[in-house]
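Enquirer: Sequence:
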Amino acid sequence: MATPNDTPSSSNPPSFFARIGLAFRAFSAVLGDPGTAARFLGMPGGAAPAPAAAAAPAARPSPAAPAATLKQASPDSALQLLSLLQRDARLIDFAGENLAGYSDAQVGAAARLVHEGCAKVLREHFQIVPVRDEPEGSRIALPAGFDAAAVRVTGNVVGQPPFTGSLRHRGWRVAEVKLPQLAEGHDTRVLAAAEVDL
1 MATPNDTPSS SNPPSFFARI GLAFRAFSAV LGDPGTAARF LGMPGGAAPA
51 PAAAAAPAAR PSPAAPAATL KQASPDSALQ LLSLLQRDAR LIDFAGENLA
101 GYSDAQVGAA ARLVHEGCAK VLREHFQIVP VRDEPEGSRI ALPAGFDAAA
151 VRVTGNVVGQ PPFTGSLRHR GWRVAEVKLP QLAEGHDTRV LAAAEVDL
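So the sequence shown is numbered by the numbering used here: it starts at 1 and just counts up by one.
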């Protein structure tokens with residue numbers, strides 16, 4: 001069974017658990033490092049860059065908007081979210097565990113608990129809605145000037161919009177964030193207090 005630390009090859013995509021760990025590392029990096037966030041913002045749809053060998057020769061449309069002004073992001077919100085995911089899903093414990101010694105059934109049972117806890121955090125603290133309302137698989141048209149940060153164009157991209165294609169994924173956007181308020185002086189770097197049994 002693949003573990004979160006396995007390095008996938010191009011013919012062996014990463015496992016579900018490896019993708020969970022990668023997603024949270026990327027999430028933390030984007031929230032905690034303005035440079036990383038700027039690199040993601042500069043890519044169509046905020047996607048990770050494709051390997052150089054896989055780059056298509058066709059030119060992608062580039063918006064003519066001026067360069068965005070970067071601002072320093074506070075890590076407090078990212079740390080608060082990690083704390084909630086640890087409290088309700090034991091995510092840090094799960095991601096830090098070496099899974100090599102466990103059976104698939106044991107990992108699956110643990111993953112079910114992590115999944116339920118993560119879903120609870122998302123339901124309680126975020127209102128997440130689709131970027132596109134059409135059903136996946138629908139044929140849709142993207143007019144000139146479409147929001148390249150909200151829609152990533154893939155496949156045989158030639159020329160300039162309008163484009164017509166098949167909706168592979170509706171995408172997600174956050175409509176509302178409802179993180180708890182923090183008390184003055186609260187140390188957000190403590191994600192979970194140590195427990196001492198007396």
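Think of the hints as simulated: they come from the structure by calculation, not from any bench.
None of the values given here were measured: they were computed from a predicted structure.
From the three backbone atoms N, C-alpha and C, an ideal C-beta is built for every residue, glycine too.
Check before you lean on any hint, since a few could be wrong.
[Unchecked claim] Label pairs and their in silico Cβ distance ranges:
no.	residue 1	residue 2	range
1	V177	Q106	33 to 39 Å
2	Q160	D104	46 to 52 Å
3	G165	A109	28 to 34 Å
4	G101	T154	25 to 31 Å
5	Q127	S166	24 to 30 Å
6	R139	V177	29 to 35 Å
7	V129	H186	35 to 41 Å
8	Q127	D104	32 to 38 Å
Enquirer: Are the hints correct? Go through all of them and say.
Expert: Comparing the hints with the structure gives:
Distance hint check for V177 and Q106: the Cβ-Cβ separation is about 35 Å, which falls inside the suggested range of 33 to 39 Å. Distance hint check for Q160 and D104: the Cβ-Cβ separation is about 48 Å, which falls inside the suggested range of 46 to 52 Å. Range check, G165 to A109: about 40 Å between beta-carbon atoms, so the 28 to 34 Å window is missed. Hint check: G101 to T154, Cβ distance near 39 Å, so the stated range 25 to 31 Å is violated.
Distance hint check: the CB atoms of Q127 and S166 are about 27 Å apart, consistent with the given range 24 to 30 Å. Our hint of 29 to 35 Å for R139 and V177 holds, since their Cβ atoms are close to 33 Å apart. Between V129 and H186 the beta carbon distance is about 30 Å. The supplied range of 35 to 41 Å is therefore violated. At about 35 Å, the CB distance of Q127 to D104 agrees with the hint of 32 to 38 Å.
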